[in-house]
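**Q** Two chains, two separate frames, one set of hints: put the complex together.
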Amino acid sequence: MAYCVRCGVELEKGLKECPLCKTEVILPDEQDSSERVMLFSDRMPRRERPRMEIAPSRSFLFLVTFIILLPILVTLIVDFTVNRKITWSFYPITSLVLLWILIAYPAMLKGCTFFQIITMDLFSISVFLMSLDLYSGTFPEWSHYPALSLLLVWVWLAGPMLFSWKRIYLVLSIWFIGTSGFLLAIDLLTGGRDWFFQLACPMIAALFLAGIIGVLMRGLFRAKPLLASGTAMLIAAAVFTVIDATVNLYVSGLKLIWSPISAAVLVPTSVFLFIVNGNDELKAYLIRKFHL
Amino acid sequence: MGKGRKEKKHNINAEQHDWYRLDNAALIYPSIQSDRITTMFRISMTLKETVNPRILQKSLEEVIKNFPFYRVRLKRGFFWYYLEHNPKLPRVERDVRYPLGRLHPRLGTRFLFRVRYWQSRIAVEFCHVLTDGTGGMTFLKALVYDYLIRLGKDVGDPGDIPAGMLPDEAAEDAYNRFYKSPLPLPDKGRKAFHIRGKLLRPGAIRITRGVIPVESILKEAKKRNVSLTTLLVAVYIDALQELQDTYVSRNPKKRPVAVQVPVNMRSIYPSKTLRNFSLFVIPEIDPRLGKYSFDEILQIVRETLITQTNEKAISRYLARNVGGQRNWLVRIIPLFFKKLLMPFLYTRMGENLCSGTLSNLGLVKLPEGMAKEVEQIDFILATNPINKVGCAVCSFGDKLVVNFSRNIHEADVERLFFTRLVKMGIHVKIDTNYSY
Numbered sequence: 001m002a003y004c005v006r007c008g009v010e011l012e013k014g015l016k017e018c019p020l021c022k023t024e025v026i027l028p029d030e031q032d033s034s035e036r037v038m039l040f041s042d043r044m045p046r047r048e049r050p051r052m053e054i055a056p057s058r059s060f061l062f063l064v065t066f067i068i069l070l071p072i073l074v075t076l077i078v079d080f081t082v083n084r085k086i087t088w089s090f091y092p093i094t095s096l097v098l099l100w101i102l103i104a105y106p107a108m109l110k111g112c113t114f115f116q117i118i119t120m121d122l123f124s125i126s127v128f129l130m131s132l133d134l135y136s137g138t139f140p141e142w143s144h145y146p147a148l149s150l151l152l153v154w155v156w157l158a159g160p161m162l163f164s165w166k167r168i169y170l171v172l173s174i175w176f177i178g179t180s181g182f183l184l185a186i187d188l189l190t191g192g193r194d195w196f197f198q199l200a201c202p203m204i205a206a207l208f209l210a211g212i213i214g215v216l217m218r219g220l221f222r223a224k225p226l227l228a229s230g231t232a233m234l235i236a237a238a239v240f241t242v243i244d245a246t247v248n249l250y251v252s253g254l255k256l257i258w259s260p261i262s263a264a265v266l267v268p269t270s271v272f273l274f275i276v277n278g279n280d281e282l283k284a285y286l287i288r289k290f291h292l
Numbered sequence: 293m294g295k296g297r298k299e300k301k302h303n304i305n306a307e308q309h310d311w312y313r314l315d316n317a318a319l320i321y322p323s324i325q326s327d328r329i330t331t332m333f334r335i336s337m338t339l340k341e342t343v344n345p346r347i348l349q350k351s352l353e354e355v356i357k358n359f360p361f362y363r364v365r366l367k368r369g370f371f372w373y374y375l376e377h378n379p380k381l382p383r384v385e386r387d388v389r390y391p392l393g394r395l396h397p398r399l400g401t402r403f404l405f406r407v408r409y410w411q412s413r414i415a416v417e418f419c420h421v422l423t424d425g426t427g428g429m430t431f432l433k434a435l436v437y438d439y440l441i442r443l444g445k446d447v448g449d450p451g452d453i454p455a456g457m458l459p460d461e462a463a464e465d466a467y468n469r470f471y472k473s474p475l476p477l478p479d480k481g482r483k484a485f486h487i488r489g490k491l492l493r494p495g496a497i498r499i500t501r502g503v504i505p506v507e508s509i510l511k512e513a514k515k516r517n518v519s520l521t522t523l524l525v526a527v528y529i530d531a532l533q534e535l536q537d538t539y540v541s542r543n544p545k546k547r548p549v550a551v552q553v554p555v556n557m558r559s560i561y562p563s564k565t566l567r568n569f570s571l572f573v574i575p576e577i578d579p580r581l582g583k584y585s586f587d588e589i590l591q592i593v594r595e596t597l598i599t600q601t602n603e604k605a606i607s608r609y610l611a612r613n614v615g616g617q618r619n620w621l622v623r624i625i626p627l628f629f630k631k632l633l634m635p636f637l638y639t640r641m642g643e644n645l646c647s648g649t650l651s652n653l654g655l656v657k658l659p660e661g662m663a664k665e666v667e668q669i670d671f672i673l674a675t676n677p678i679n680k681v682g683c684a685v686c687s688f689g690d691k692l693v694v695n696f697s698r699n700i701h702e703a704d705v706e707r708l709f710f711t712r713l714v715k716m717g718i719h720v721k722i723d724t725n726y727s728y
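These protein sequence lines map, in sequence, to chains A and B.
Mapping of the first sequence onto the working numbering: position 120 corresponds to residue 120, and the numbering continues sequentially without gaps.
If you want the working numbering, it's the position in the second sequence, counting the first as 1, plus 292.
Next up, chain B with everything else stripped away, as it sits in the complex (with noise of 0.2 Å):
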């Protein structure tokens, strides 16, 4: 009898590994996915050598085993689509001009993220049905260090690096799990500013690299008595105004400028998931009030990210979208009909409030013997016809590097931003995929 009981229980727990629900902030995103909204993020590793991809290959292979909410494939239910186990083996491929370039039309059959190797570099590219920056730079760690071993460097202690199989928390939806009963709403927001351009070709996005001393901008950072994302944040915000200014003469017309930052929720709530859980804080000003200074712009931001990076402050978005998804008549309706609900949602309550978006990673660490081998970490967003520019950082080492992406020819708002920097007495060096 107890044994049977055994058997049973742990036939539940294979059923669960088969198929997973998409997480809170998942759901929109497989409704929206077109050539020019791939809903991708790439992080890659530069090592000292180039890379083999067979061993690579091997790695993978070895990898995705131990993350098996990732070897999943997408698949549509009557009400929601879900995530199901995938039979095959990922495959590594060579990289292209253009990263980040929506993942196979047929969803059904492939993974939701992509192995890329080019000379010394590894990257991954999620699909944020999957993940967010945290499980796409935990997976990576993992890959890289398991293809290092194979290489027989002495890489020592995996360290906070996954090793073996994962256990259940790490697949857990925590939106759901740190759900509270309905909260007072946040605010619905104004629409926000809005860079021009003419877009490139569906799929070609245009990369501009730019790596500075990580010292340097810590140390304008600690004058200024900001954080480092604080700082960046400013800057962003700043170079948006005056791209606003060019457009439009009149203050009454203009819109608020706003920049989403995400928000690590782990560090927030007890979670080690290592799906999606993150939210977003919107640091912004509002120009119609007149031109604001530097200095303005940064008291702003700073008192934004730490009135509104807490558990109460965020609880509210938190009870907002999670609240959406269990109200039973929102669950009754059919997918093709929420389908068709998705983009007007993902383009009124998210791509329309914000300018653009700042996503930072952090100071990566990697365990002694590993990092001897990295030589740069890079951060990449994909962007939408909305908010076509991304701005993705991630420091590593002594270097904190910062790719913006965009899908417009025109590079404004990259180069008013690194002409601050570079004002600040900060030293830039750019790079691009596109002008050789």
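The shape of chain A in the complex, shown without the other chains (with noise of 0.2 Å):
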């Protein structure tokens, strides 16, 4: 029979310190743990992942498809009726389709997760885009470009989706592989090269460079507030400076215009934190004087 010396409660057979005050059990032979009967079995309880909750119910499904089936074939009748062929009449109805597959096709997809309805839905309007530029002429005229877009925002959205915040590194990568490859393609596909390798590639891979810089110094500098936002300052400075240099260089030549502004802002604060993370007594007089 166990008791705490603080408290003077009795403690449960196995206990090594009091849950109340955390003192420690003076008792060595009621300790072995292997004895205690525990309060609550040890599996950890699942943590389920939060599925699609605004996927509307079958009802719904048939009520929409219903009221936008009807617009359909009476736009299908007056366009055959007077023209004798489909013409006009393709727009509004593959608005209308899409305007479906939008609103009542997750209805039929039972416990789909938010990727795949967004991964639908664009894949969906890309479908959309295109079909209405192969309708009204040559094609691929200009809907290559908004469906490229679209594959942009789908790869932004897959990133952390797919593989979680857990793996930071990877969801940068993809996102960096991912622009670069969508500005390429824009540059190939409006003449060729010409500003891509000098002027978009410089930014983006400075960009990505920071965010791996900026998560590494994360779990570095986690408990040292002061410390990160320096570094990050510093950070921001030297990508700004590689903005404005290859944006010159791309116009008029090697200089640098604004950058030089920013960094005289951020490196002397980037400075006067490091010093004031290292001075306890600066600290303890700045939370003194400026506590709110």
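It is worth saying that the hints were derived from the structure and are not from the lab.
Quick reminder that beta carbons are idealized off the backbone N, C-alpha and C, glycines included.
Hints may contain errors.
Residues from chain A that keep clear of chain B, each with C-beta distances beyond 12 Å, as calculated [said to hold, decoys possible]:
(1) W88
(2) F139
(3) Y145
(4) S164
(5) D187
(6) L199
(7) P202
(8) F240
(9) I261
(10) K283
Label pairs and their in silico Cβ distance ranges [stated by the list, open to error]:
(11) S136(A) to R623(B): 45 to 55 Å
(12) T81(A) to G616(B): 49 to 59 Å
(13) F163(A) to P505(B): 50 to 60 Å
(14) F66(A) to H396(B): 30 to 40 Å
(15) L621(B) to Q116(A): 34 to 44 Å
(16) H396(B) to M108(A): 16 to 26 Å
(17) E341(B) to A223(A): 49 to 59 Å
(18) P225(A) to L381(B): 45 to 55 Å
(19) I625(B) to M108(A): 26 to 36 Å
(20) L621(B) to W142(A): 48 to 58 Å
Only pairs whose alpha carbons sit at most 27 Å apart, straight line, appear in this in silico DSS-like list of lysine-lysine [what the hints assert, rightly or not]:
(21) K715(B) to K13(A)
(22) K715(B) to K22(A)
(23) K490(B) to K16(A)
(24) K490(B) to K283(A)
(25) K16(A) to K691(B)
(26) K16(A) to K721(B)
(27) K22(A) to K490(B)
(28) K380(B) to K350(B)
(29) K13(A) to K691(B)
(30) K16(A) to K715(B)
(31) K22(A) to K721(B)
(32) K721(B) to K13(A)
(33) K224(A) to K490(B)
(34) K166(A) to K490(B)
**A** The structure is reproduced here in structure tokens:
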């Protein structure tokens, strides 16, 4: 029978410390945890992944299908009666089909995740735009630009959703490759290798590198907000300089225009933060003077 | 003709059992549920033998038939949530280290309660959307009674334990039944003191169980001429007062220390409902006026519980809550907008006004044959980020079990509460789910 010497309560057999005041139990012969009948099982509760809660019901699916089917039929009949073939009705019909896919189709996918819905929606919008482009004449005329943009949006969303933020380096790499690929494709489609390698590539590489360093620093300086803020400012100053230099190099030649101004603010501020971090007396003085 | 009318009447009844409106207390819970606000409570019975999960599953499948209003899932209507009959059968599951976790995020497909077993213990965890402590205890009694019969135990006559299909009145919305036309509104209350502490990760909960001999604590209560609940609430308020003194030194900056005490309305109104039917009484002290001695706190709690626990006083709260639900302006607001408003109401009109909750299920009585098979009964409340500590009390046989649940690392309230009892000469035995 063990008692806490501070609280005076009796402790269940096998407890190594008092749950109330953390005082160590002073009865070594009764400390054997293997004898302890535990209050709860050791099994950890399963963390359920939240599923698509906005997925509409089957009744909603039938209602929306009916509401959308009516104008489709009316449009088809009117167009066919007047022109004896499908002409202008193609546009409202494809738009209504897209609307149906966006609103009602998720009801058919029982238990689908948010990612699956987003993938389906982005894909449907791309197909819709391309079908409009195809129907209106030469293909591809314009639809590949929005389709590529939607693909980029998908890549940005897919990274964290498929691999989670725990694999942050992988997510950053996917973003970097995806964005670079998108800009290269746009560059090639609009004339060819004019600006991607000279302008876009260095800027994206600088941002990617800054992201990697930022994540590394977050791990290192988790408990030191002053060091973390100071380092973040230095990284920002470096990225601004790269962007400024790259843009000017592409436009008129290597020079810096606005980045020295931002660096003049960011670098001294970060140095100040480093000094404060290393000086406890100064830190205490500042907290005393500026507390909220 | 007569037969047709009879059939029609039968169909209406069948339809009524197919879905249920949420009762007044349940309206707010679906909109505020999260990993940190699980709106659950748990009652468990520890038996004298290890639980057989297969037999327990069979009992559950049999007993749930008698409780059609618990065999439901939560569905979203255009204006309100509602409960719909769930054709599936609930499954028993092995207990976990952190009880009272959030129900599955896809509430629309699952039951709103769980049955868990571990070693010799059977536990039910109910979402407050379904019922309150009385309903939960009735269900657990019926489940364990059926389980013991299947084991071949001689448990005798069931007494007040439901053994067959429950009548319709067990599923009634008693708040609406006993609502009276507008009455003067109760006081709005002031923001109360709240315990500080570092939150555990979402889903984690720390339970500190104190087992006290009923006789010794009853003797203490009798000596002070108060009820057991009054004594416990006073000790709780005193502990919170002491805690506030450590946070805030200047009296004018202190906030009221108020403890929410659920009142079983079935003892005030003649209802046999097994859905929610409880309201709160909130005894409070104002530390801005100075430090209260324990006897002063005891007196305030006793007077509050006596003067507020009667039909006239409680009907004002009933009128306020049900009146709001019946207001046609509130009713025509689509659920989507109501959901945005509910968390605000929950915080402003509920959690902000109290520093903690102490819920006493009272003395649990079981048929003589069944009581021989039961070792202990526990009752545990879930917590939330505002009121980080909950206290649930329940007594059976010669044991009074006080379960503190908390979602913070610090165990200050429990320490002050139990050490105060020890100082009164009451023996307390402590156990926990986190210190091994």
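**Q** Each hint needs a verdict: does it hold in this structure or not?
**A** Now for the hints, and whether the structure bears them out:
A cut-off of 12 Å between C-beta atoms confirms that W88(A) is not in contact with chain B; the least separation is 36 Å. No beta-carbon of chain B is positioned within 12 Å of the beta-carbon of F139(A); the least distance is around 41 Å. Distance check for Y145(A) against chain B: the nearest CB is about 35 Å away, which clears 12 Å, and the non-interface claim stands. Under the 12 Å C-beta cut-off, the non-interface status given to S164(A) relative to chain B holds; the minimum distance is some 16 Å.
With a least beta-carbon separation of about 44 Å from chain B, D187(A) lies farther than 12 Å from that chain, consistent with its non-interface assignment. Under the 12 Å C-beta cut-off, the non-interface status given to L199(A) relative to chain B holds; the minimum distance is some 45 Å. Under the 12 Å C-beta cut-off, the non-interface status given to P202(A) relative to chain B holds; the minimum distance is some 41 Å. Distance check for F240(A) against chain B: the nearest CB is about 38 Å away, which clears 12 Å, and the non-interface claim stands.
For I261(A), the shortest C-beta to C-beta distance to chain B comes to about 42 Å, beyond the 12 Å cut-off, and the non-interface label holds. Remark: the non-interface label on K283(A) is consistent with the geometry, its nearest Cβ contact in chain B lying 23 Å away (cut-off 12 Å). Distance hint check: the CB atoms of S136(A) and R623(B) are about 50 Å apart, consistent with the given range 45 to 55 Å. Here the CB-CB span from T81(A) to G616(B) is close to 56 Å, well matched to the stated 49 to 59 Å.
The hinted window of 50 to 60 Å between F163(A) and P505(B) holds, with their beta carbons roughly 56 Å apart. Hint check: F66(A) to H396(B), Cβ distance near 32 Å, so the stated range 30 to 40 Å holds. Distance hint for L621(B) and Q116(A): a CB-CB separation of about 39 Å, consistent with the stated range 34 to 44 Å. Between H396(B) and M108(A) the Cβ separation comes to about 22 Å, which falls inside the hinted range of 16 to 26 Å.
A beta carbon spacing of about 51 Å between E341(B) and A223(A) agrees with the range 49 to 59 Å that was offered as a hint. The hinted range of 45 to 55 Å is satisfied by P225(A) and L381(B), whose Cβ atoms lie roughly 53 Å apart. Here the CB-CB span from I625(B) to M108(A) is close to 30 Å, well matched to the stated 26 to 36 Å. The hint said 48 to 58 Å for the Cβ distance between L621(B) and W142(A), and at roughly 50 Å that hint holds.
Simply put, K715(B) and K13(A) have alpha-carbon atoms about 22 Å apart, close enough for the 27 Å limit, and the pair holds. Restraint check for K715(B) and K22(A): satisfied, since their Cα atoms lie roughly 19 Å apart, inside the 27 Å limit. Simply put, K490(B) and K16(A) have alpha-carbon atoms about 23 Å apart, close enough for the 27 Å limit, and the pair holds. This hinted pair checks out: K490(B) and K283(A) have alpha carbons roughly 24 Å apart, not beyond 27 Å.
Proximity of K16(A) to K691(B) is assessed by CA-CA distance (about 24 Å); at most 27 Å being required, the pair is judged to hold. A hinted pair counts as satisfied when its Cα atoms are at most 27 Å apart, and K16(A) with K721(B) qualifies at roughly 15 Å. Of the supplied pair hints, the one linking K22(A) and K490(B) holds, its CA atoms being roughly 16 Å apart against a limit of 27 Å. Only pairs whose Cα atoms come within 27 Å are accepted, and K380(B) paired with K350(B) is accepted, the gap being roughly 14 Å.
At roughly 18 Å between alpha-carbon atoms, K13(A) and K691(B) fall within 27 Å of each other, so this suggested pair holds. At most 27 Å may separate the alpha-carbon atoms for a hinted pair to count; K16(A) and K715(B) meet this at roughly 23 Å. At roughly 15 Å between alpha-carbon atoms, K22(A) and K721(B) fall within 27 Å of each other, so this suggested pair holds. Using a Cα cut-off of 27 Å, the hinted pair K721(B) and K13(A) holds, with the two alpha carbons roughly 10 Å apart.
Using a Cα cut-off of 27 Å, the hinted pair K224(A) and K490(B) holds, with the two alpha carbons roughly 19 Å apart. Distance restraint check for K166(A) and K490(B): the Cα-Cα separation of roughly 24 Å lies within the 27 Å cut-off, and the hinted pair is therefore satisfied.
Hint check: no violations occur; every hint is consistent with the structure.
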